[in-house]
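Visitor: Letter by letter, the chains look like this.
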Amino acid sequence: MAAEPIEIILLRQWASYIAVPTWITDTEGRLLYYNESVESIIGLRFEEADELPAEDLADRFAMTEVDGSPISHYDRPLIIALTKQMPAHRRIGLRNSDQTVRELEVTAIPILSSGDRHLGAMATIWDPNYQPDPKGQIAKLRRGQYPIEVILTRHWASYLAIPIWITDLPGNLIYSNQPAEALTGARYEAGDFPAAVHAELFKVCNLDGSPIPDEEMPLTIALTRRVASHRPLRFCGLDGTWRTIEATALPLVGQGQRLLGSVAMFWEIDQ
Amino acid sequence: MRITLCGTRGSVGRAGGKTVRYGGDTSSVAVQGGNGSLLILDAGSGIANAHDLISPGVSRIDILLTHLHMDHIQGLGFFHPLYNPAIETHIWGPVSTTAGLASRLSRYLSPPLFPVRLRDLHSVHLHDVPPGLLSVPNFSVRADLVIHPGPTLGYRVEENGHSIAYLPDHEPALGSPTFDETSWLSGYSIIEGVDLLIHDAQYSDEEYRAKIGWGHSSYRQALSLARAAEVRTLVTFHHDPEHSDEELDRLHEQLRVEDPGLELVAGLAGAVLEL
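So the protein sequences, as listed, match chains A and B.
Mapping of the first sequence onto the numbering used here: position 234 corresponds to residue 234, and the numbering continues sequentially without gaps.
Mapping of the second sequence onto the numbering used here: position 141 corresponds to residue 1141, and the numbering continues sequentially without gaps.
Treat the hints with care, as some may be off.
Unchecked claim - Anything over 10 Å on all C-beta distances counts as not near chain B; from chain A, calculated:
1) I6
2) I9
3) E39
4) K84
5) G256
To be verified - Covered stretches of chain A, going by a simulated chain B footprint (3 or more residues, C-beta under 8 Å):
6) 97-108
7) 154-163
These are calculated hints, taken from the structure and not from any lab test.
This one's a predicted model, so the numbers in the text were calculated from it and none came from an experiment.
Virtual Cβ for every residue (Gly too), placed ideally from N, Cα, C.
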């Protein structure tokens, strides 16, 4: 068995515990793993998919535009993430076996690690009409009792070169990796970082300088609507420098469909 | 509590002249409570060695499965109480994100892998295990998901102020190689301060380096984890099928010399530990 990089190993383990359909590829787009939630969408176990030629696999995952028309290869989120090494988030159609088209959202992110290593991409699939069950939610995560889904998120985040935050359900920061510390200028200390505090410390606005309502922030959308969210914005950290970034927030949905918190990622955009 | 190591081998059974003392049967541990109650941790081929521990007249046995890899369930179909209508057997185990325990376990307990179907075992009761406390009679049992490929649980069992933790397949070093941040340490919540930790110690340091991500720990990592979690006694477990008694003695002695402070117990087949 060829040894995969630790980042891929950790992402794969994480994906196996995550209830969100998740697909991981190498830099050429070759399938490395998809989890059981993807199996239930495409009706093919990963072990069987591993042996299929890429074209057959693409046929199984019958992605279309929302209206059912063909989607260009280059408009597929995973292809964008792989080729541009930037996140991609868009609504797609998925053709069912009865030829009806189901509307879904796909968020793809490139897997970029330290030393400028591009390792592949990860796509997550979301139901835009999902209605969260408040009973299934747990509130503040207690230190020392983090669920395995959160522990694994922290581990892969610690290896990636992408600035990443992990929050609990009320939005408290429970982990910030080193690239995020460099971006925000705020050093993560062991201990919770209340949402209200980081809202005061950092300034954000739209690209035109207009304010962004809290309910439209990617993190808020991820935590309240339980779908991924993605938007460009202007950000000013503790160093007082305004930067243009793209922020992507993924709800962290674990075993038993428990919403545990969110993973927020940031990409600086050249202006 | 009386703990019997019924099967200690990992991955695949390895009976033979070189594995006499550490044993060739795969993972299974029997925990007897003060009132004769019986709890079994995993159902590898070693579970058959628990038959002699069943008290006459017992009406219920609980089996806690950490995960559904073959070396942890292959003995299940050969466990006599499953076919005894006078004994309720309650099997607890992890769910996946899309399937419950019954669906997952019946992949093994059905043809062509096994002649008897799970659904035909009428005295068997299945319980999906979420992280947290389980309603197991006579014991206090807590489960948590841990790092190992596929949904995998570790268990903490307490009775009368004594505690054991059982994590036969666990790779906490993945992503957290120095064990210094206990908040981010897989399994910590169930291992912390436990009297007896039965833990994966499948590899030597050198073997681990070649098998990162396979879901197991080295001897030294098991020891480091026990230290970080302030465990009183560590029992090495899930021995690699390629390791002879001689090799395991050597690994064990090496650690005992390096770290004489921790009580280190070799996971010998049939060993009985009292708390």
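Visitor: Taking the hints in turn, state whether each one holds.
Guide: Quick rundown of the hints versus the structure:
Not every C-beta of chain B lies more than 10 Å from that of A:I6, the closest at about 7 Å, which undercuts listing it as non-interface. The claim that A:I9 lies off the interface is violated: its Cβ sits roughly 4 Å from the closest Cβ of chain B, which falls inside the 10 Å cut-off. Not every CB of chain B is more than 10 Å from the CB of A:E39 (nearest about 7 Å), against its label as outside the interface. Against chain B, the non-interface label of A:K84 holds: every CB pair exceeds 10 Å, the least being about 28 Å.
Not every CB of chain B lies more than 10 Å from the CB of A:G256, the least distance being 6 Å, so the non-interface label is violated. For a cut-off of 8 Å, the count of residues in the segment 97-108 of chain A with a CB near a CB of chain B stands at 0, and the three-residue condition is violated. Restraint check on the segment 154-163 of chain A versus chain B: 5 residues with Cβ-Cβ distances below 8 Å, three needed, restraint holds.
Checked against the numbered hints listed earlier, the structure breaks hints 1, 2, 3, 5 and 6; every other hint is satisfied.
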